[in-house]
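Quick mapping for you: the protein sequence lines, in order, are chains C and E.
With the first letter of the first sequence counted as 1, position 223 gets the number 223 in my numbering; the numbers rise by one all the way through.
With the first letter of the second sequence counted as 1, position 296 gets the number 296 in my numbering; the numbers rise by one all the way through.
Among the hints, erroneous ones may be present.
Said to hold, decoys possible - Which residues of chain E face chain C? A partial, calculated answer using Cβ under 7 Å:
{"no.": "1", "residue": "D242"}
{"no.": "2", "residue": "R245"}
{"no.": "3", "residue": "W250"}
{"no.": "4", "residue": "D252"}
{"no.": "5", "residue": "F281"}
{"no.": "6", "residue": "L499"}
{"no.": "7", "residue": "N504"}
Said to hold, decoys possible - Derived DSS-like pairs (lysine-lysine); straight-line CA-CA distance at most 25 Å:
{"no.": "8", "chain 1": "C", "residue 1": "K40", "chain 2": "E", "residue 2": "K356"}
{"no.": "9", "chain 1": "E", "residue 1": "K214", "chain 2": "C", "residue 2": "K40"}
{"no.": "10", "chain 1": "E", "residue 1": "K83", "chain 2": "E", "residue 2": "K97"}
{"no.": "11", "chain 1": "C", "residue 1": "K53", "chain 2": "E", "residue 2": "K351"}
{"no.": "12", "chain 1": "E", "residue 1": "K156", "chain 2": "E", "residue 2": "K368"}
{"no.": "13", "chain 1": "E", "residue 1": "K353", "chain 2": "E", "residue 2": "K368"}
Derived by calculation from the structure, the hints in this document are not laboratory data.
Ideal Cβ placement from N, Cα and C applies to all residues, glycine included.
Here's the letter readout for the chains.
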Amino acid sequence: MTKSLFILLACLFTTVAHADNIEFPDEELARETTLPVFEKRRVVMNRLVETEKRFEFGAGAGLEMNEPYYNDFMLQFMGTYNIDNVSAVNVQALMWMDGLSSYGEQLKLGRQTAPVVESFDAMKAPHPKWGLFGNYEFIAYYGKISITKQTVMNLNLFGIAGLGYINMDTANAIALNLGLGQNFFFTKHFGLRADVRWLIFQGPNATTKQLRSVAPNNDPSPAASAFGNRIYYNSQIGLSAVFVL
Amino acid sequence: MKRLILLLAVITLAPLGAVGQQQRPRGSAVGTDRDLADALMLAKSGKYAEASRRLFQLSYSPRYRDRRMQIKYILGMTLHQMKLNQVAAFQFIGVVKEGNNKYIKQSLEKLSLAADSLGDDTLLNYAISRINVDEFPRVHRDMLHYRIGEYQMRNKQYEQAAQSFARVARGAGTYNIAKYQEGLALAESNQLDRALAAFEELMQARSAAPVNDKTKVAAQMGKARVLYQKKAWDESLEVYRDVPRDSEFWHDTVFESSWAMLRSGRFRSALSNFNTLHSAFYEDNYMPESLLLRSIVYLYICKYDEMDKTLTLFSNIYKPVYTQIDRTLQSSDNANRYFNMINDMMKMNKKGKLDKMSLPIPYIVAQKIVREADFQNSFQYIRKLMEERNRIKKLPGGWGASPVGQYSIKVLNTRIAKAKERAGKIVRNHLLLIREELVDQIEQEGFARYEMINGRKESLKKRIAGKDLPDQQIDESNKRDYYIQNGYEYWPFRGEYWLDELGNYHYVGTQSCN
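Extracted from the complex, chain C is given alone in its bound form (with noise of 0.2 Å):
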């Protein structure tokens, strides 16, 4: 067939083709969902986000789902080893914002008219200060993603389990994280990772002291010890910028 190249350009050579609107022929269009076969199956080749033996870091806010006394809001950072485009380790760092939530307040101040209803300021308890977690994450898939049909996104899907330790000044605790996220990358290096988490861990039931701050029944703020424990299932949504190195 190479002889006939010069042959046909020797031919054809003063055919010219003019097309100024490209126009694309219906059978030239996708018509099949099933999948080019070859002997080692690879889903993708030249992936612009190489994730495989890189870090990543990452910082952001988060925000606990359903805690009822405290702030809600937390900072996050983590940083992660890529060991393959599938596993990776991951360290990640919670820092709950110091406070009490809008129904926390409410429940502080208490009500002095009838109906009266004792003040009960959940601070007094041991609460959750930051948290340091180590992790095993999974990369399920790898794709992309366009939203407006003018840019494309890549992304992943993880889901991540691991096991950490809670600080909350008087006490301690061990909790086990598990979670489920995907990352944005809007470059080969930037992103944005969004996750869902939950936290699992026995702490003080701040319920089962009375915690009143308003005079006169001031109560001192009890030692950790003094609480009764209860199982924690802390739901959080978390969203980082992340970089990768």
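For chain C, the structure is supplied; the task is to place chain E on it using the hints.
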């Protein structure tokens, strides 16, 4: 089971026939007849291993000089039952070579069956050249027609080959492959309408099979190629498009249909195909011609920068390939060394420990050779011989250490060495051919560069002469919006290739000729 019954019939009748031809044995010979009778009884009762031991000894005994061919034939049958096809084939060859005995016809028949199982061309050629088809048992006749057709194809007797393939009956196990080969043989002999009919007949025969059925798709490919040969570009493209994406042949259609597109002046469509073909998914494929073809299409639409990139890519990949092949060919002409090069590459590749840069034969070339039918035939033959040798070593009762076992291993070792040498020669011949083609293609690349420079010069001349030229080529704008009318979505290409996008890449540039 049929074989066994046949064997029993032979065993039962053979001694009688032999005895009938000779004078009655004298007193001293009675004991020896009993030896043979015992061996036959063992074979009759399915104790092939023990029977073969005794028959082998008897075949060398001077007492049985007159019955040697009969014993060898039965020994061959026994070994065939033990799935030792190569060793069995040697017994049958012995009978045929000796000539002048009544077991020649049966031996040839069994030899061709053993050779068919082994897929060895040499044995097949030997058997086929001596067989009278009409005397061959009807039940195996289709196989014989097919093998004869193959033999004729190898000798470029295309018309005779087509006739032989056409004689394979529709219900036969080799019908599909024979019909395909018939189409090929007819296409080779330039009987294009008959070739088309053969491929269509095969497609019809496989109409109930799944859409990606290998035989059905092979027939489609054959039809598309014949239509291309007939210069019916559009019809050829239509058939190529019908090849399903999940068929192993689909990759070939991407390249082959590009030729048809080029010949029918569909430059954009051809370039769309090249986006798939030159994606990272095909980085281990040897296809210099496709790069040259792509550069020619760019020349037609005056995309000199793109053409330059394509030709540079060709030079960067294939000039070092040429140098390496040349160096390897000059370093040795030992066939075994060439076989070992490929075999080592295949082993390392299987283990996933292959360093592609340290191979004596460039990886993409080695991959191409490995896929070649002649190498595959030889390689499969070697594999079968090795399996047969392993089977012998695993036989119980020390069969492998017995005289017949040692003889068998010796035969197999010799055959393996010869087959490796033959496979090595095939590798070397392919390398010689590829080197020759590359010389031609590198020369073509030079011509293409000349045309590119010439085109640029003409373009500049027109610009200097003040001819109206667009200020910039439309492709230079990277921020274009697209509206695809058909309801499809446009996804800009950003450098990564996705399996589900292969075949759906579209060239959206326009021609830049003035």
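Practice item. If any of the earlier hints don't hold here, list their numbers in rising order. Key: When the structure is compared with the hints, numbers 1 and 4 turn out to be violated.
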